[in-house]
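J.: Sequences and hints are given; from them, build the entire structure.
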Amino acid sequence: MCFSPSIPADNSAEIARKQEQERQDRIDAGRSRIDETFAKFDDPYFKQVEDNYTGYYMPQLEDQYQEARRKKVLGLSRSGNLNSGSGARQLSDLFGAYEDNRSLVGNSALDAANRARSDVEGSRSDLYSQNRSAADPSAAQSSALARAGTLTPPQSYSPLGDMFSKFIDNGATAVQAERAGYNGWNTGLFNSGTGGSSRVVR
Amino acid sequence: MCTGVEMALIGTAAQMAGTAYNGQQQAKSQKAMVSARNNAALAESTRQEKYQADADAEFNNSVKPYEGSQQQKTLADAITKRAGRTQGAVTESTAYATPTAKSAPSVVGSEIARKMADAATSSKRRAGALGRMNAWNDLQFGNRVNMVRQGDKLGEISNFAGRSAALLPLDQQSAANNAYKAPGMFGDLLTAAGAGLSLYGMTAAPTAASGLTAPNNSAWNGSALPAGFA
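As you go down the protein sequences, you meet chains H and L in turn. Take the first sequence: its letters are residues 1 to 202, numbered as in the numbering used here. Take the second sequence: its letters are residues 1001 to 1230, numbered as in the numbering used here.
Warning: the hint list may mix true and false statements.
Stated by the list, open to error - One side only, chain L facing chain H, incomplete, derived with CB under 10 Å: (1) Cys1002; (2) Ala1055; (3) Ala1076; (4) Asp1077; (5) Lys1081; (6) Val1090; (7) Ser1122; (8) Asn1134; (9) Arg1144; (10) Arg1163; (11) Ala1166; (12) Gln1173.
In case anyone wonders, no lab produced these hints; they're calculated from the structure. Think of the CB as a built atom: it goes at the ideal place given N, C-alpha and C, for glycine as much as any other residue.
T.: So, in structure tokens, the structure goes:
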């Protein structure tokens, strides 16, 4: 007992605690860095997404409307209905559709901004997770595997489809049909039942 | 001068004292180790309480948007924003010239203008309804974003707390190792001396009558034994 060597102090817990504290400090520093990096994804950033969306789709809608309106006016003019109540109704219907589509584009622009915000939040969350994994390599693999399943390509934006074709294709036909005695737009402007000598048998 | 019996008794007493001393030292060391383990557990408990407090604060931040009329206010803001976008996109009916023939009476032009204005009014009403409806989605989306953010923070605190708790056994073992003190030599020496003295007293110590020699009537020379055993 007299000659037994002295036992050194057990510092294993102290070393482990120090390492854990350093790990937590690294995670905190990483989080601060992520927050700082993502600070640019603010409301003006997502407003820009909205603006880009409307900037892409509104001119297309405007062009389509102008073209549809031109064709409609020509069609009504050809059929002699431009200055009629039926023509006015068709033009206002076309205009109403145009306005509805404008509001839909505005609505979809906000949805696009929300999708962008969702993607950014998802990336931020992933980075937080990676930050923790970087400080804890044993957790890195499971985390990476879990996220691999979420890798889907982002939605792309297609050009606007034909929004007013039904007004062009059907408009003049409907007026002509109504004049001929069919329902058509059912405006009541062409009282074929009392004026003419002919009658359409339906 | 002590007799052999007295020496044996003293030796035995010394042995017992040495053993008792060693036992006391062992108990003292055990107590210190247990105390060190308890202190390590208390220190970890204090750390866990801090993590708990941090988690509580984050949880309160998660719940706060749902308290009182906060959701109503958030929804009202969402409606203002969404309906502002949808209604703001609707143009004025006067933006486009009324297409009438030159020969058309003015009433035709005004009729078309009136219908266009009606169409714009209807569209604006529908745009407002669309905005109000989708504002609910915006509200839920905002709630989810907030929830994910708070979840990230809670996950981090949970990670810290878990790792800290995992170190507790090591803390306790290390603290106990450092608190352990081997019993001193005194108890062992006393025991050894007592054993020696006791042995000497029983074998070679002088009796009160004959000095240094062993007593003749002791069991060791066989004189005290019954007949047939000597």
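J.: Look at each hint and say if it fits the structure.
T.: How the hints compare with the structure:
1. Cys1002: Since chain H brings no Cβ nearer than about 29 Å to cysteine 1002 of chain L, farther than 10 Å, the hint is violated.
2. Ala1055: Because about 15 Å separates alanine 1055 of chain L from the closest Cβ in chain H, which is outside the 10 Å limit, the hint is violated.
3. Ala1076: Status violated, d = 16 Å.
4. Asp1077: violated (12 Å)
5. Lys1081: Constraint on lysine 1081 of chain L satisfied, holds at 8 Å.
6. Val1090: Check passed: Cβ of valine 1090 of chain L comes within 5 Å of chain H, closer than 10 Å.
7. Ser1122: holds (6 Å)
8. Asn1134: holds (6 Å)
9. Arg1144: holds (8 Å)
10. Arg1163: holds (6 Å)
11. Ala1166: holds (9 Å)
12. Gln1173: holds (7 Å)
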